[in-house]
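Participant: One letter stands for each residue in the lines below.
Number of protein chains: 2
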Amino acid sequence: MGDPATPPSSELAAMAIVDGASLKHPFSDRVPVRSIVCRPDGGAGLAGNRVRAGGWVKTGREQGKGSFAFLEVNDGSCPANLQVIVDAGVEELSTLVQTGTCVSVEGVLKVPPEGAKQKIELRVERVLHVGPTDPAKYPIPKTKLSLEFLRDHVHLRPRTNTISAVARIRNALAFATHSFFQEHGFLYVHTPIITTSDCEGAGEMFQATTLINEAEKLEKELIENPPPTEADVEAARLIVTQRGEIVAQLKDAKATRDDISASVAELKIAKENLSRLVERAKLKPGIPKKDGKIDYTQDFFARQAFLTVSGQLQVETYACAVTSVYTFGPTFRAENSHTSRHLAEFWMVEPEIAFADLQDDMNCAEAYVKYMCGWLLDKCFDDMELMAKLYDKGCIDRLRMVSSTPFERISYTEAVRLLEEAVKGGKEFEKNVEWGIDLASEHERYLTEDIFKKPVIVYNYPKGIKAFYMRLNDDSKTVAAMDILVPKVGELIGGSQREERYEVIQRRIAEMGTASRAI
Amino acid sequence: MGDPATPPSSELAAMAIVDGASLKHPFSDRVPVRSIVCRPDGGAGLAGNRVRAGGWVKTGREQGKGSFAFLEVNDGSCPANLQVIVDAGVEELSTLVQTGTCVSVEGVLKVPPEGAKQKIELRVERVLHVGPTDPAKYPIPKTKLSLEFLRDHVHLRPRTNTISAVARIRNALAFATHSFFQEHGFLYVHTPIITTSDCEGAGEMFQATTLINEAEKLEKELIENPPPTEADVEAARLIVTQRGEIVAQLKDAKATRDDISASVAELKIAKENLSRLVERAKLKPGIPKKDGKIDYTQDFFARQAFLTVSGQLQVETYACAVTSVYTFGPTFRAENSHTSRHLAEFWMVEPEIAFADLQDDMNCAEAYVKYMCGWLLDKCFDDMELMAKLYDKGCIDRLRMVSSTPFERISYTEAVRLLEEAVKGGKEFEKNVEWGIDLASEHERYLTEDIFKKPVIVYNYPKGIKAFYMRLNDDSKTVAAMDILVPKVGELIGGSQREERYEVIQRRIAEMGTASRAI
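First to last, the protein sequences are chains A and B.
Take the first sequence: its position 465, counted from the start at 1, is 465 in our numbering, and no numbers get skipped.
Take the second sequence: its position 195, counted from the start at 1, is 195 in our numbering, and no numbers get skipped.
Think of the hints as simulated: they come from the structure by calculation, not from any bench.
Cβ coordinates follow ideal geometry from the N, Cα and C atoms, glycine included.
Take the hints with a grain of salt, since some may be wrong.
These stretches of chain B come out as covered by chain A in the derived footprint (C-beta under 8 Å, 3 or more residues) [to be verified]:
(1) 30-38
(2) 312-321
(3) 325-332
(4) 363-371
Construct all of the structure, not just a fragment, from the sequences and the given hints.
Facilitator: Here's what the structure looks like:
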């Protein structure tokens, strides 16, 4: 990226510091739009400053009979645009005004005429760089586009208001996640992505392999360079025999040392050639097999390997040594489900705390959710306003509610009782409610959206619907598991206290048998 | 993990706040060892406080004819242990003193007798939980173990001084990375792990597939439930014909509507059965093929997919919309190289800045390296002291030097001149030095360790040894690329200004042809 190496002028350097804080991008001579327009005064206090700015034209229009142009320039540092004014004498305006044009400009910040929406605008004196677009071909016009349409223009969609806001929100939540756990003394652990373990059988796995590649390479090589026939091998074997006989004869004849050495050397070459041919004759196209099964000793890790479905097993070994840990990395499910709750690849956070019980677990999960919501309100308010406007009117109110309301905590048994009461009162669910069922999304949302109207933590689930490693409660029927349910989503977080009693977990494993694979 | 849910006593709650800051773990009732011993006074000021602590016994010994025991307890929150004293009346001592025993205890912090190494110790009044170890089987004794040995005990090695220090250092560097880029206005982007793009052909790729699994499932299914033979299909086809004839006869005979409907229904069933058999007869064991090649339309993503070797291409599309971005995620190379510089799976940081040139790139990379080193000195000094003691005497001095010394910046041409001069002066390298070569590790280390004795940034490399997308310099021989070389490591970071001129990059791609695949 970027325009040719233009050293920043000393004039610019002098202007870089405003109000004691650097306006400028730390590693380029551009000023992020955010530093100009996202100030309490909307940037008005910066009038008179000379700056360089770069970004992409959202909309542009020529004015005053083509004597100047207004450009709305966005650089993704915030949802707001910078209004930029270019005179016809400075640059060809017809190129600049096209949506999507990349511009890098230098000029002076000015307060616009009264009545303007923006509080500051940039009067351009030099255009440093233009990356033009062909309006006939540029696929992201200024009109509103469907998210489905944007899926076919993945490389350009970050230039839309929605996707750039999503990028900023996702960035904020990722960093907030690290900040939360670091502030609370957790260590970030990178658990393996390629693994041979299947956790609790959380889902279908992708296989990570080099076998197919290697087989294809070999197949190509065998076509270009066919393997030796049996006759070739026999011929090579014959040469070895002959050379061996020659050596024997020379020795019997007490030939000179040099002659013997020379014939021994030839024998050696013949033997090497034979063994090379024997090896090559074994090569077969296709994936290597042994006893009718795929021979994974030939795979990269000399065994069958998969993409992780969860780092839990690995990070637990760290919790049992350094007490408080979390993972935050990609996980994979090869499930052929096309719902909004299934992804083939997604990033997951998995904290583990030693010496903690279910209460501690719930406290941690609740604190985490509140921290995330508070962080969004604090750092991404303008992006959330965009989301509220375009997609979900209530999202800001919901963030406020979740970040400030203590979560309701009810046992699974109580949750089922409340749902059964609702059914008696006339509420209809698609799936029947009875003690022992895995709550469906409709049940979860009814609890959090209708009954409590706030986040709900349901705990102590029936052991039959949860993983084998969750701590068995004294009733022998439920385990110390919990799920956090939130309005509009349903289940957001699941957790449990792990079974620490060796004989209990042994019994549970025996009880569940291979059933644990099917959870 | 953890002992049964014991609610913290009110007495404990009252003790939780010391010096205005919470001593306690935020989500359990234990106090991290770090909060006790890693204070400027070594914990002496906490004498008299009642606390709960949990961890694993590093070493233990019975004293006073078995009347009490000293335990060195580590919980991984810092390299230091907490000295714990347990009287024989409180708990069976012989179990507690075994290395590896998990203990959770409650007691009062006391200042030890004069002359003791530690500044504070815990006098135990209650043992809340013991997770015993069998000393005959526990594979991590207190004696020093080789790193190679520990590879066979991956699940327990975080309990060693070295691996827990590495975990804390890696955690610190990961969070420092996020902090650095967030402070400087970069957005964290999660680029895809499973991808169809090969970046610049950075290395051999792992394939991510469900084809083998599906083939194995099918193979098993076909054994349990063999596909129909040709005769089966013929028989089914015959039934369809017969049923069709019956329908025709009934219609000709003007049979009742009910009779006709019934026979049409039977015909439909027969047809469905036939098409099911025809489909099943097509099933073949093995990976699905089409025209002699693997049929990837049958794979999970309906095309061949791989694990990413770099998120660069994808994150560049974000830089061209939101200006400053970085990735930090796992990347994969299926290279069969067993050197300390090759890993099949590793985490990589890839920043991209729009509107920046090579100088900006070097400034960013240098600032990042300095920030990392400063962070380690600031937050991980005790762990670095352990590293200095056990593995690398000079590591702390080197961190200080790198974090405070401006990096030398020299062109590749100048670097080659200096190396050639060294050769003239008698220095011997395994690989010959001449303009145009890719600098070998020995050359890089000589530049940084011997000539400059500090980090060196080499820039403007010959275009022939760098990727096609790097910006061509005006000399048409070099590109705006840079590598950071540091003592003891060699190349630490590589970067470049990207080519923004469309016609130049087109020419470069044509010039390099398929060669770019081989870089």
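Participant: Now tell me, hint by hint, if it's right for this structure.
Facilitator: Against the structure, the hints:
Remark: the segment 30-38 of chain B is confirmed as covered by chain A, as 3 of its residues place a Cβ nearer than 8 Å to a Cβ of that chain, reaching the required three. With a threshold of 8 Å between beta carbons, the proposed coverage of the segment 312-321 of chain B by chain A holds, since 6 of its residues qualify and at least three are required. Here's how the segment 325-332 of chain B fares: 3 of its residues keep a CB closer than 8 Å to some CB of chain A, so the rule of at least three is met and the hint holds. For the segment 363-371 of chain B, the stated coverage by chain A is satisfied: 3 residues place a CB nearer than 8 Å to a CB of that chain, which reaches the threshold of 3.
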